[in-house]
Amino acid sequence: MADRMPGNEHRPSKFAQYRALLAKDLRQEIRTREMLTSMVVYALLVLTVYGAALSQVGDRVQVVAFAGGMLWALIVFTSLLGLNRSFAHETESGCLEGILLAPVDRSVIFLAKATSNLVFLTVVELICVPLFFIFFLSGAELAPTTPMIVLPLVVGTVGVAGVGTLLSTMTIDTRGRDVLLAILLIPVIFPLLYACVSACSVAFVGVEGTFGTFWTSLAVAAAYDVIMVAAAWGLYEFVVEG
Amino acid sequence: MTYKANQRPLDALVPVALVLGVALVIVGVVWTFTLAPLVQGAELSEPVVIAGQQVTTKLLLSQKIFYLHVPVAVSSFAVMAFAAFWSIRLLMTGDRAFDVRAKTAMEVTLVFVAATMISGDLWTCFEWGVWWVWEPRLTTYFILTLLVIGYFILRNAIEDPERRARFSAVFCIVAFVDAPISFLITRLVPSSIHPVVFRTDSGLPPMMLIPFLLGLFGMLLMAFALTRIALAINARAAEVEELKARLEEQDAQAQRAAAQEALDRLRAAGVRVSDSASSAHTPEVVGSNPDSERSVAAPDSPSKEV
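Protein sequence lines correspond, in order, to chains A and B.
When the first sequence is numbered by my numbering, its final residue is 242 and no position is left out of the sequence of numbers.
When the second sequence is numbered by my numbering, its final residue is 548 and no position is left out of the sequence of numbers.
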């Protein structure tokens, strides 16, 4: 309706707004490489800690049994770091205020921000997951179903990016925001984490007849994504207004 | 608007609900320990291996925890539902009174959640032989506990009351998503060793069902009464804060008025002094303290122009 009002003919469509906001985030990241560098280095450090934690586990087969859980611990900690960083440069020199002053729909801001977070998380995972395999599973006999871990990884990352965008916007201006994001995010994404770890573990172990669990877990994770991303999308305007 | 004006007829029921609730819970507990039969093993239809140990089938006294544990847990869900409801109302209306209500309901929720966790862990220890299992119901409830605690940490981290109200409401709604999951998980994951208690054929013999229902209704009444009492306390506390702010405002106004009056008096004195000084041409009379004369005279001149 507002589009038909005189003077609004040249107002960019929602998709154009979304593209512009997303392009801004990606361009900023490509130029500074601030977030990706810190996330990849942090992930590498977590892998190093795993190296010490698993140094006494001689048998590679044992590692396969809990590789799904370790992979997800890596992803959760790395995305916590990334989500904190993703809004850090928005608060610098009033960038977020500038975006809010522009006549852009709040849900478009959420979608753009969630998408850029999703892109960064995906890039980090593309680097870290192969590293995880090289460091901890290179000698192990992998089940033929191992590539199926991509599905829970995708579904899980979408959920973490969606909920994480809402919660990191809330914590950005608070006291002790780094800790607060962890305190809020980890319990909220727990059901997703649980489902994704269970699906990944089934794929890693690859025993015949357990794939019912895989699909059930994946369905639970997908349902969580739909509910939580929709809730985050709807509630986002209350978080950025004012 | 005072608290009395806000008072609902519902508050008249609070003492009745509290007394009745406590009485029902006491009757339930007494019944539990006297008339209710002991149970073979846990509330299980078949033996289950937990932590490498088969759950015993001997008569278990610790099963009595069930009669309090379940009512407390149900009450925590019920009160948290109100917290989420008031959070939604806050976001819809922007009325800060709903923030006080949501916060109050979350405080009561925290009490019930803590009671549930303690009684539940005693159950885990005595019935299942372990202190903790990552079983679906336990896990989801543990997450609920963390979310309720996180709610208060979030509140404490935000200074601006308006933003605090909005953010904590958003988080309360997000957190409440976990409550139905926790409640329904025993139906969603049938392998769970938690029994499904809420069904029409609960499988409990009447001697066990009656004390359980007494405890349940008593606990819900107590939850209602506690929430209303906490609401009254918090509403009054908010009112005291408001009155304090108003009093401070009035105090500041009075002080400003007194200062203004003193200044006026001083100006009048200054005018008198300068008049007498100019008429007498004897600055020595007031020259004992020339600084004060200047400072008094200085603000005087613009006011004369006005």
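Some hints could be false.
Estimated spans, in silico, between C-beta atoms of each pair [claimed, not checked]:
1) B:Leu-277 - A:Gln-56: 52 to 60 Å
2) B:Pro-403 - A:Val-179: 50 to 58 Å
3) B:Trp-376 - A:Val-179: 23 to 31 Å
4) B:Val-261 - A:Val-49: 38 to 46 Å
5) A:His-10 - B:Arg-478: 23 to 31 Å
6) B:Trp-374 - A:Gln-56: 42 to 50 Å
7) B:Val-261 - A:His-89: 57 to 65 Å
8) B:Ala-479 - A:Gly-51: 51 to 59 Å
9) B:Lys-486 - A:Leu-26: 26 to 34 Å
10) A:Ala-65 - B:Ala-479: 34 to 42 Å
Derived by calculation from the structure, the hints in this document are not laboratory data.
Just so you know, even glycine gets a beta-carbon here, dropped at the ideal spot from N, CA and C.
Tested hints:
1. B:Leu-277 - A:Gln-56: 52 to 60 Å: 56 Å, holds
2. B:Pro-403 - A:Val-179: 50 to 58 Å: For Pro-403 of chain B and Val-179 of chain A the Cβ distance comes to about 22 Å; the hint is violated.
3. B:Trp-376 - A:Val-179: 23 to 31 Å: Check passed, 24 Å falls within 23 to 31 Å.
4. B:Val-261 - A:Val-49: 38 to 46 Å: At 57 Å between Cβs, range violated.
5. A:His-10 - B:Arg-478: 23 to 31 Å: 56 Å, violated
6. B:Trp-374 - A:Gln-56: 42 to 50 Å: Violated, since Trp-374 of chain B and Gln-56 of chain A (Cβ atoms, about 25 Å apart) do not stay within the stated range.
7. B:Val-261 - A:His-89: 57 to 65 Å: Since the Cβ atoms of Val-261 of chain B and His-89 of chain A sit about 59 Å apart, the hinted range of 57 to 65 Å holds.
8. B:Ala-479 - A:Gly-51: 51 to 59 Å: 53 Å, holds
9. B:Lys-486 - A:Leu-26: 26 to 34 Å: 51 Å, violated
10. A:Ala-65 - B:Ala-479: 34 to 42 Å: 54 Å, violated
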